[in-house]
Amino acid sequence: MSTSPLQDVHAELGANFTDFAGWQMPLRYGSELAEHKAVRESAGLFDLSHMAEIAVTGPGALAALNYAFVGNIGTVKPGRARYTMLCDANGGVLDDLVVYHTGENEYLVVANAANHDVVLAELTERAGGFEAEVTDRTYETALIALQGPESTAIIAEHSDTELDTLKYYAARPAIVAGLEVLLARTGYTGEDGFELYLPNAQAPELWRVLAAHEEVLPCGLASRDTLRLEAGMPLYGNELGTGTTPADAGLGRVVRFDKEGDFVGRQALADAEQTRKLVALRGTGRRAPRTGYPVLANGAPIGEITSGALSPTLGYPIALAYVEPGNAEEGTELAVDIRGRSTEPVTVVALPFYRRGE
Amino acid sequence: MTIPNELRYSKEHEWIAVDGDVATVGITAFAAEALGDVVFVQLPAVGENVGKGDAIGEVESTKSVSDVYSPLSGEITEVNGATETNPETVNEAPYESGWLFKLRLSDTGELDALLDAGAYAELIKEA
Chain G
1 MSTSPLQDVH AELGANFTDF AGWQMPLRYG SELAEHKAVR ESAGLFDLSH MAEIAVTGPG
61 ALAALNYAFV GNIGTVKPGR ARYTMLCDAN GGVLDDLVVY HTGENEYLVV ANAANHDVVL
121 AELTERAGGF EAEVTDRTYE TALIALQGPE STAIIAEHSD TELDTLKYYA ARPAIVAGLE
181 VLLARTGYTG EDGFELYLPN AQAPELWRVL AAHEEVLPCG LASRDTLRLE AGMPLYGNEL
241 GTGTTPADAG LGRVVRFDKE GDFVGRQALA DAEQTRKLVA LRGTGRRAPR TGYPVLANGA
301 PIGEITSGAL SPTLGYPIAL AYVEPGNAEE GTELAVDIRG RSTEPVTVVA LPFYRRGE
Chain Z
1 MTIPNELRYS KEHEWIAVDG DVATVGITAF AAEALGDVVF VQLPAVGENV GKGDAIGEVE
61 STKSVSDVYS PLSGEITEVN GATETNPETV NEAPYESGWL FKLRLSDTGE LDALLDAGAY
121 AELIKEA
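Residue numbers (my numbering), protein chains in the order written: chain G, 1 to 358; chain Z, 1 to 127.
Just so you know, these hints were derived from the structure itself, not from any lab. Beta carbons are placed, not taken as given, at the ideal position from N, Cα and C, and that holds for glycine. Hints are supplied without guarantee of correctness; some may be wrong.
Below, computed lysine-lysine pairings styled on DSS-like, alpha-carbon distance capped at 30 Å [claimed, not checked]: (1) G:37 to Z:11; (2) G:277 to Z:63; (3) Z:52 to Z:63; (4) Z:52 to Z:125; (5) Z:102 to Z:52; (6) Z:11 to Z:125.
Residues of chain G clear of chain Z, computed beta-carbon distances all greater than 12 Å [to be verified]: (7) 9; (8) 21; (9) 32; (10) 58; (11) 80; (12) 112; (13) 161; (14) 168; (15) 173; (16) 188; (17) 192; (18) 253; (19) 293.
Take these sequences, add in the hints, and give me the full structure.
Okay, here's the thing in structure tokens:
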């Protein structure tokens, strides 16, 4: 079991821990609903040190990444980031990840903890034919996220770096609280916010400085999951897997057939026929559809829930599900089989469920 | 973790307060903490005859769904509807206002199989 460099800090805070992808990480500190609310209304602090950081460098780094990923990394300017996917030769998704262009011929790939080994192995293999070096930085790098409407004001108190020019999906080296970090305006909550990458040894100090603000609440992985679900963001293992293509998940736009050169999965993705579609479902009452529950149309199973929760912000049940394409249109009335005991009506709605400022 | 001495406990993490042949049942503070924020409670119907070990209700937290088992056999005489309208009561006061249901026991001999506070403390130490 791996532990975060912030393990002792979490234990002091009385965190309830969970085993996540081989890491012991905070599930919640107190009420996960209060943590969720803090991110929507003020600011939440997350330890994401379990995420995988892999550096790809060298004169052939860009070509290697363009071959390895389905997106066009060539259009990612220095100081910017891109959400993309690693697919297998059959077009199945091996991971969804973020690529930061951190310098000339330098990229940082941030992958899901559960896929660390696969991504590292695939990147190393796929970069083999290029002048590029793949280096695992996971176990020396901490990641702290500050998310929520108060995030900008809080970071501004501890840094001289100009935040107005640090746009969404941008990142730059900065000094925050006297510590050198890679400051990225990215996140997985649907709110404005930052992700700060730094060496393990400095993580406790940065955490304490940010957590000292009274408007900041430490948040665990439980609230992170409901936040991302409200924002309509997929979770690998739920909405994405080797049995799904990016298009199945409604993310066909991340596959750039127009980029130069071949990439792994190109032919399979070009030929793929869509047999199911990811949809957003809205329910009534308080019963949440859960992962694995069957989705019904006129009493017959036509799909399955991949993620679901009683939305803390909206107050009604929300879910993502794969359904047969004929049942995917907005406004379609479906039902969810709740543990074989009852059914709850749901309606296909547009994503995201929650958009900040609305 | 609070484990009141005067209560009995089941291995399914329920507490039982016995008054004559009527038992009041709820989930323990340990169970409430493990579940996280409770957002939905479904209780049995008053008048329903239930057997020991029957799944007679459900408690949903943000992340999970759990069955509520009847720790004893008998007839449901009362349910705490306040937990259906305010599920957070189960987290806030699991041994008090967060009680779930009452039943009139059909076999008080079943009480012997329940755990006392000490035995329950041992049980959750292993968990």
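Status of the hints after comparison with the structure:
no.	hint	in the structure
1	G:37 to Z:11	violated, 34 Å
2	G:277 to Z:63	holds, 24 Å
3	Z:52 to Z:63	holds, 27 Å
4	Z:52 to Z:125	holds, 25 Å
5	Z:102 to Z:52	holds, 14 Å
6	Z:11 to Z:125	holds, 12 Å
7	9	holds, 21 Å
8	21	holds, 16 Å
9	32	violated, 5 Å
10	58	holds, 43 Å
11	80	holds, 34 Å
12	112	holds, 19 Å
13	161	holds, 36 Å
14	168	holds, 27 Å
15	173	holds, 37 Å
16	188	holds, 17 Å
17	192	holds, 23 Å
18	253	holds, 31 Å
19	293	violated, 10 Å
When held up to the earlier numbered hints, the structure conflicts with 1, 9 and 19 and fits the remainder.
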